[in-house]
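Trainee: What follows is the residue order along each chain.
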Amino acid sequence: MTRPSLHRHRLAGPALGAAIVLILGVGTMSAGAVAGTSSSAALAMAELTEARLGLPVPAGRSVVRVHDPRSALMVDEVTDLDALGRPVAISRFDAAGRLISSVRLRFVPPAGSSVIAADATLAATAIAARAGVPTPGSATATPRASGGWLVRWVRRVGAVPVPGDGVSVQLDARGSFHGIVRTEHELAPAPTIPIEAGRARLLAEARLDQWFPAGLRGDAVITSVALAWIAANDAFGDALPGGPAGLLRLAWVVRVTTSGSLAETVAGLELAFDAGDGAPLGGDLVE
Amino acid sequence: MVSRGRSRWFAALPLLVLAGLLAPAASPARATYQASADTNVSAFRSPCVGFQDSYPTRMLSLAVAGLRFLGYTVTPYSGVGFSRAAVLARTVSDNSFYVHSHGDNYWYQPAQRRYNGFREDSGDCSQAVIYSPQIAAARAGRFTNLVVISTCHNAEPATTMPAAFGIAKTKVLSGGNHFYLGYLGSAFDNDEEAFETAFWSALKRGMSVGEAFDLGQLQNFSHALEADWWGTYDWSGWTRPWTFCRRCVKAGGA
Numbered sequence: 001m002t003r004p005s006l007h008r009h010r011l012a013g014p015a016l017g018a019a020i021v022l023i024l025g026v027g028t029m030s031a032g033a034v035a036g037t038s039s040s041a042a043l044a045m046a047e048l049t050e051a052r053l054g055l056p057v058p059a060g061r062s063v064v065r066v067h068d069p070r071s072a073l074m075v076d077e078v079t080d081l082d083a084l085g086r087p088v089a090i091s092r093f094d095a096a097g098r099l100i101s102s103v104r105l106r107f108v109p110p111a112g113s114s115v116i117a118a119d120a121t122l123a124a125t126a127i128a129a130r131a132g133v134p135t136p137g138s139a140t141a142t143p144r145a146s147g148g149w150l151v152r153w154v155r156r157v158g159a160v161p162v163p164g165d166g167v168s169v170q171l172d173a174r175g176s177f178h179g180i181v182r183t184e185h186e187l188a189p190a191p192t193i194p195i196e197a198g199r200a201r202l203l204a205e206a207r208l209d210q211w212f213p214a215g216l217r218g219d220a221v222i223t224s225v226a227l228a229w230i231a232a233n234d235a236f237g238d239a240l241p242g243g244p245a246g247l248l249r250l251a252w253v254v255r256v257t258t259s260g261s262l263a264e265t266v267a268g269l270e271l272a273f274d275a276g277d278g279a280p281l282g283g284d285l286v287e
Numbered sequence: 001m002v003s004r005g006r007s008r009w010f011a012a013l014p015l016l017v018l019a020g021l022l023a024p025a026a027s028p029a030r031a032t033y034q035a036s037a038d039t040n041v042s043a044f045r046s047p048c049v050g051f052q053d054s055y056p057t058r059m060l061s062l063a064v065a066g067l068r069f070l071g072y073t074v075t076p077y078s079g080v081g082f083s084r085a086a087v088l089a090r091t092v093s094d095n096s097f098y099v100h101s102h103g104d105n106y107w108y109q110p111a112q113r114r115y116n117g118f119r120e121d122s123g124d125c126s127q128a129v130i131y132s133p134q135i136a137a138a139r140a141g142r143f144t145n146l147v148v149i150s151t152c153h154n155a156e157p158a159t160t161m162p163a164a165f166g167i168a169k170t171k172v173l174s175g176g177n178h179f180y181l182g183y184l185g186s187a188f189d190n191d192e193e194a195f196e197t198a199f200w201s202a203l204k205r206g207m208s209v210g211e212a213f214d215l216g217q218l219q220n221f222s223h224a225l226e227a228d229w230w231g232t233y234d235w236s237g238w239t240r241p242w243t244f245c246r247r248c249v250k251a252g253g254a
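These protein sequence lines map, in sequence, to chains U and P. Residue 76 in the numbering used here sits at position 76 of the first sequence, and the numbers go up by one each step. Residue 146 in the numbering used here sits at position 146 of the second sequence, and the numbers go up by one each step.
If you are wondering where the hints come from, they were derived from the structure by calculation, not from laboratory data. Some hints could be false.
[Stated by the list, open to error] Simulated restraints, written as ranges between beta carbons of each label pair: (1) U:246 - P:92: 40 to 48 angstroms; (2) P:112 - U:189: 25 to 33 angstroms; (3) U:107 - P:112: 48 to 56 angstroms; (4) U:240 - P:157: 36 to 44 angstroms; (5) P:85 - U:260: 25 to 33 angstroms; (6) P:175 - U:54: 24 to 32 angstroms; (7) P:186 - U:82: 51 to 59 angstroms; (8) U:132 - P:186: 51 to 59 angstroms; (9) U:156 - P:85: 19 to 27 angstroms; (10) U:140 - P:113: 28 to 36 angstroms; (11) U:237 - P:224: 22 to 30 angstroms; (12) P:186 - U:217: 19 to 27 angstroms.
From the three backbone atoms N, C-alpha and C, an ideal C-beta is built for every residue, glycine too.
Whole structure, please, built from the sequences with the hints as guidance.
Mentor: The following block contains the structure:
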């Protein structure tokens, strides 16, 4: 069986006609036309941004409009193609023309030596600046198992983190650009008077009492209770609150560490409660 | 409060329904490339725990749809269908394997050392570990094309899991048609789902497995998700006869 062709129109320049719309869902995709002016604007943005990022000039570019239901964003995705029509880089821009992500698609063999964390952070900061992506706050640099570095700025609203938002820059082992992604979800209004952390802890304790039999309950210990902006989910069968997809809510996130028999199946938990009324907002598991 | 009783068939019902929904449609005769997709649901719902975890079934659906698109004849398993005995019985015929469960580097009594593994579902609350040497022995050195181990710990540098599927821990640009994907350390379900959604979606759009990995990683995860791969970056993921690649082959178990 041969590899399927990319469902894209290959474009040789900015002033071209329709491109393909590709709607990304969990299991389905559909396509339709995009206005030529939109594709031209996206191609022009890609040309400018990728030059700033140091990406080589491709043999051609294609553009599709992509909807990602997870982020609820509709973006123009520009793919750089080599002379054989194979993708070598992908950049995405939102409706306002802001860079959402860019990645160089290439295999980088593991390097014998690597830049140090401080140099990786400096390089990533410079890359983000060249791409016009603001990086407020402090960064953390983490070596990647697959090679290179991940330099991450987590978005904060005041002192409260937005764990799934922020800016990440990926570098290869030599400190060269590999990828950049910016995520910024819409935030729901913060509650006027948030419930206390102690109230969230009690709510979590009550759920744990319900969830685990007496023989296992002692294996689940609350280790932290902290505010964060999170997306509600149905991880524990909770009803999802109303509001647009991708909307983040201020929540108390209760971290639970497990041990003993319980840890053999549930290695950790996070329980989220609406900071305004204590309603359960789902959470997350480590299996 | 919940009890730890057994209600295997009742517990397996939603997955049996899912299996029916995802069953392959009739198609012209062609070479069959078997894939198994296993997910542990029983550990994360009543009676084992008092909540109903929605992730395992969703992630199974993603994997089944992705593998089917790539041309595999894929069967989803959960409950009693995802037992150690069942996995070891069918693994020799699998060209591709997906699992979502609890994983770790476990003490393996027969060899008096640790090996990587993951827990079965088995439809009850007592879930045995399936160790990499057991998989290696059952596969008898047979090479696997696409392996996605959606668990904690099974892509750490010392992992023994890739070798169980005949895959060496080497990264090559081209020349083979094999790929192993897994996670390091503790991985949260929400991040794994985000990664795998992007991964399978990219494959469906004609990206290579390496490119799909790059796009999977191109996200701001809620936690520090760390993934790794071994195999052939440029391979499409599509079924086809195995291409010999000396650097890619690993005698299983070690």
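Trainee: All hints, please: hold or fail.
Mentor: Against the structure, the hints:
no.	hint	verdict
1	U:246 - P:92: 40 to 48 angstroms	holds (44 angstroms)
2	P:112 - U:189: 25 to 33 angstroms	violated (59 angstroms)
3	U:107 - P:112: 48 to 56 angstroms	violated (38 angstroms)
4	U:240 - P:157: 36 to 44 angstroms	holds (39 angstroms)
5	P:85 - U:260: 25 to 33 angstroms	holds (27 angstroms)
6	P:175 - U:54: 24 to 32 angstroms	holds (29 angstroms)
7	P:186 - U:82: 51 to 59 angstroms	violated (38 angstroms)
8	U:132 - P:186: 51 to 59 angstroms	violated (35 angstroms)
9	U:156 - P:85: 19 to 27 angstroms	violated (50 angstroms)
10	U:140 - P:113: 28 to 36 angstroms	holds (35 angstroms)
11	U:237 - P:224: 22 to 30 angstroms	holds (27 angstroms)
12	P:186 - U:217: 19 to 27 angstroms	holds (21 angstroms)
In summary, the structure is inconsistent with hints 2, 3, 7, 8 and 9 from the numbered list given earlier, while agreeing with the others.
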